[in-house]
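Peer 1: Take a look at the letters that make up each chain.
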Amino acid sequence: MRFSPAVAIDGLDGLFLDVEGVSHLWGGEAAMLDDLLARLERWGAPARGAIADTPGAAWALARYAKDRTIAPTGGQAPLLAPLPVAALRLDEAAQAQLPRLGLFQVGQLLALPRAQLARRFGLSTVLRLDQALGAAREALVFRRPATPWFDRLAFFEPISALSDLERVTGDICALLCARLEAEGRGARRFELVFHRLDGKDQPVRAGLSRPGRDAARIAKLLKPKLDTVDPGFGIEVVTLWAAEVEPLSSAQRGLDADDIDLKGGVGLGEGLAPLVDRLVNRLGQDRVWRADPHQSHVPERAVVRRAPLDPPSEDAWDPDRPRPARLLRRPEAIEVTAKLPDDPPVQFRWRGKSRRVRLAEGPERIGQEWWRKAFDEAGPGKVRDYYRVEDETGERFWIFRAGLYGDGETVPKWWLHGLFG
Amino acid sequence: MAGAKPALSALRAQIAALEAGTRTPPSVLPFGDPRIDGCFPAGGLPRGGWHEVGGAGLEEETSAAPAAFSALMLRPLAARGAVVWVMRRADLHAPGLAGLGFPTGRLIQVRARDEAEVLSVLEDALATVGVAAAIGEAESPDLKAGRRLQLACERRGATGVLLRRRPYGGAAGKIREVSGAAAQTRWRIAAAPSQPPPGLPGLGLPDLGPPRWRVELERCRGGRPGAWILEQAEAADGPHPFRLVSKLADHDVAAEAAPAPSVGFADSSPRGGAAPSVGFADSSPRGGAANAA
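Just so you know, the protein sequences line up as chains A and B, in that order. Position 263, counted from 1, in the first sequence is what my numbering calls 263; the numbers after and before it change by one each time, with no gaps. Position 185, counted from 1, in the second sequence is what my numbering calls 185; the numbers after and before it change by one each time, with no gaps.
In case anyone wonders, no lab produced these hints; they're calculated from the structure. Please note that a few of the clues may not be correct.
Under the rule of at most 30 Å between Cα atoms (straight-line distance), these lysine-lysine pairs were calculated in the DSS-like manner [stated by the list, open to error]:
id, chain 1, residue 1, chain 2, residue 2
1, A, K382, A, K353
2, A, K223, B, K144
3, A, K223, A, K200
4, B, K247, B, K5
5, A, K382, A, K413
6, A, K220, A, K200
7, B, K144, A, K220
8, A, K225, B, K144
9, B, K247, A, K353
Just need the whole structure built from these sequences, with the hints factored in.
Peer 2: What follows is the structure in structure tokens.
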């Protein structure tokens, strides 16, 4: 990640880096390769490296050629020719068969007619050959999709002071946001990574509820999190990576809450977006929500949590089915006296206090959603009869009886599920 | 009572302007009934400030009646912007609020980890453009937190409600009473027995009527306390969310016969001599209460 945003893992012992357009940051390909390998060695992973036009050629050169070979553009073939055929990443059968036929070097394969080669050793051999030479494409599975929305800042001296971290955060945000603006885009997620001297990464993330590219605002979201960054012996490189990049018209710039007032005709959601971003970044995604209706009769499932600025849903809760203002996450058992089948209790005891029911409404029968569960769990024993009851002081409760009377030896139990205000 | 005499209301506006400095005077949220609105200095629940709402007994933990009352009270504000509800225990049930006519599409719920976070999120929300009101559930905010909330409310004219709640129970009687000084008003809400709808008495128990609350305005800056039984208004009753069922006499008697400290203060206010003599016998003791705070 320090060297290139596009890194692919190759087997157990290899790494592919897409260094196109990156090497100039390091003063050329050779300098970059030296730096990379020196670092790997310092971190306890001595490695060999090579740079070539294609992943296949780079793989071969890194393993079988002189260490730190750099193939000139379009010049892989002469470099590959003296390498053993194992450098071509052939399948096992072909690899075992080739030496038996006296074919030891890649150059010998290159000299053979392709049709024969394909017939004898399978199409994959030809494909591997083409991939090494750049005649066929090879797709690498990068750990993170290659993206142009990436920027880095390297420092002559490692930094560690918090004020410095804040300053470079602002700088790198400005850098990336200027590019986003030039292309008329905004991003929703930003990841700022501090690369320490000892090779450890310290990521800091921020998200926006709407695509944005206001550098000051993004930096403001990132800065409070900087105190979680442990600079260790110092930080020498900072990278910022933008994801979920979307087109954004230039009119939406400057959404900072301080720049606008309500009379300026700013939409409700636009003024709220900075607040939602602040809260989400501070508390976490799952702690800020808007409750939306969901098509379900089961009270616990009638509410679905949405991001606050998502478009509102079309559904609505049934106004004829009153629901409590406070719903207990777990219904609490109540002791019921004067039980009558198919009637609410006359008196019940909840949390040590006995209450006489003065008014009652119900029942509203709610079955379990049998299509979601095994049949045993949704049988008649799980049917709930809900009653709205009011006691003598006017407090209103939502109580239910689980199960039915007279369907066996089990006695239905009563529960309190919610409180009306 | 407000605006009863032109000279008096002009004077009151002058004082308000002095107190507020360069701030624009906050508008109010009327209850639509002179018997309630009269208790407030400006004829309605002042916006641009925060209000403390609490319950008693078990309601300190469950906070159902105060929550329903607050949602209903702020319902007219939800038309002007978003409402942020900050809580520690996420047991607020949006369908229940929708049943009270509250537009839940404008409700942003935030679950904070601790009390300090509730207060800081509440403060952040109140100072944000586009937020008309914010409700926070906190146990016992101190004076400094209260003052910060007040400043946040004044920035954009948002209305705050602080629900006094101990979300996970605990030792009773721990709630401090100091925070009230920074709040515009302090309310105590309890449930009240509802009137079952008329109809033939069936075999079982009668149905429930519209919900009622026993509402006590314990403290009102610049106004006087009061106590009422309020009922959720039907659609036919007009735009205001409450219908006054009856006025509870105890507070009024106390206020008129033996004034409570915050009320009686105005009589001894130093501005009493400078003002025209028309006013202060029946005026709201705004200056006095402000000094006391």
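Peer 1: Does each hint fit the structure? Answer for all of them.
Peer 2: Evaluation of the provided hints:
no.: 1; hint: K382(A) / K353(A); in the structure: holds (27 Å)
no.: 2; hint: K223(A) / K144(B); in the structure: holds (26 Å)
no.: 3; hint: K223(A) / K200(A); in the structure: holds (20 Å)
no.: 4; hint: K247(B) / K5(B); in the structure: holds (25 Å)
no.: 5; hint: K382(A) / K413(A); in the structure: holds (11 Å)
no.: 6; hint: K220(A) / K200(A); in the structure: holds (24 Å)
no.: 7; hint: K144(B) / K220(A); in the structure: holds (25 Å)
no.: 8; hint: K225(A) / K144(B); in the structure: holds (26 Å)
no.: 9; hint: K247(B) / K353(A); in the structure: holds (29 Å)
Checked against the numbered hints given earlier, the structure satisfies every one of them.
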